[in-house]
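Starting from the structure of chain A, add chain B where the hints point.
One letter stands for each residue in the lines below.
Protein chains: 2
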Amino acid sequence: MDKIRIIEVKQSIFENNDRQADALRKKLKEKGVYLLNLMSSPGSGKTTTLSRTIEALSKELNIGVMEADIDSDVDAHTIEKFGAKVIQLHTGGMCHLDAGMTEQGIDEFGVEGLDLVFLENVGNLVCPAEFDTGAVKNAMILSVPEGHDKPLKYPLMFSVCDVVLVNKIDVLPYFDFDMEKCEEYVHMRNPKAQIIPICAKTGEGIEKWTDWLKAEVAAWKE
Amino acid sequence: MDKIRIIEVKQSIFENNDRQADALRKKLKEKGVYLLNLMSSPGSGKTTTLSRTIEALSKELNIGVMEADIDSDVDAHTIEKFGAKVIQLHTGGMCHLDAGMTEQGIDEFGVEGLDLVFLENVGNLVCPAEFDTGAVKNAMILSVPEGHDKPLKYPLMFSVCDVVLVNKIDVLPYFDFDMEKCEEYVHMRNPKAQIIPICAKTGEGIEKWTDWLKAEVAAWKE
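Residue numbers (the numbering used here), protein chains in the order written: chain A, 1293 to 1514; chain B, 1293 to 1514.
Same shape as in the complex, but just chain A (with noise of 0.2 angstroms):
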């Protein structure tokens, strides 16, 4: 395997998080960079959800991954294989990132020339959704196996991803998943979600999901 770039990324002094984060996409507009937080359980499919977008993407966007764990640099390697440029950022134990994480791993990454970022955030549905890391938009991945009343235990996260991607639906035959429900318990927590069921490993719908990524890079160079 090749060697991965891993940086260790510290917890931002800066006390306001949420000024660090318009400044950083500010920056990222001035650079025609979109940077989308992608968050989720451990285990719900962020990096083969990743692999399969980059490959549906890459002949029109240049791409770049920015891995956050606490430890281990495996996502990134599968990540790299399907040709994005890619960066693994070590929290140092810590549960989520904040904006001054994501510049860190944003300035030392050089994201000049790519048109998408993914952060793919530590696997965690609580710490994550309480920092603005200063991406454009956040999206989620809700897998079936983890049940549809996830809405109900995690409101926060599902109030500040404006995508709610439902994979693994190829085993929707041998778990209780209410799809109809799984909606409902979304849109009481964000009336404007998008959400998109999927199969990252099959394929199965995926293009819908490519479609609205690709309006959202257009519209940010805009």
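Check before you lean on any hint, since a few could be wrong.
Put simply, identical chains are the same to the list, so a pair is met inside one copy or across any two.
What the hints assert, rightly or not - In silico lysine-lysine, DSS-like type, Cα no more than 27 angstroms apart, as pairs:
{"hint": "1", "residue 1": "Lys1473", "residue 2": "Lys1493"}
{"hint": "2", "residue 1": "Lys1429", "residue 2": "Lys1318"}
{"hint": "3", "residue 1": "Lys1473", "residue 2": "Lys1373"}
FYI, nobody ran anything at the bench for these hints, they're computed from the structure.
Here is chain B on its own, set in the frame of chain A:
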């Protein structure tokens, strides 16, 4: 549905969480109450596993459950149907429980006469691992759909757990989950961890788990 008692637990002002955890354990030892801290990702099956466990043990042991959640009391209502004494702890957005929060729960709950109390921690593989709650032992659930690589990515959680229940083994045929690799990675983090494959839905493997619990409770009461 019956009304479940809900209390809001506040983060401890004690600086020394470990000292408070030891004091709580001592108090529980005097009362002959065994407290188990149960952790996992969102949607791995904590509540279903507890329901199945209560069903199997309720004739032999008096069981209580403290359900910690950021919001909602859906799990507490599920558990109550299985005949255990239940209290809902709301963490006010906090991503974990510390010893002080657990003690507030224990004091409000009233554990006199109970043999075994489960603390169902907030669904999160990061923060709960950092705080000794005062429980006698820690257990966690890793579900098959999450993947066998989780001990690589969430090292601390697997290091602090005495038992790892590998849940949802009924869906093994539909996921790329390697049980041998899982065991190898868990033991890399904690060579002494017991690994028990279960299916909370069908009851498979539950007896080995309840045997472990019965032996633990008996030893604690000696």
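Hint-by-hint comparison with the structure:
{"no.": "1", "hint": "Lys1473 to Lys1493", "verdict": "both (24 angstroms within a copy, 21 angstroms between copies)"}
{"no.": "2", "hint": "Lys1429 to Lys1318", "verdict": "within (13 angstroms within a copy, 48 angstroms between copies)"}
{"no.": "3", "hint": "Lys1473 to Lys1373", "verdict": "between (37 angstroms within a copy, 22 angstroms between copies)"}
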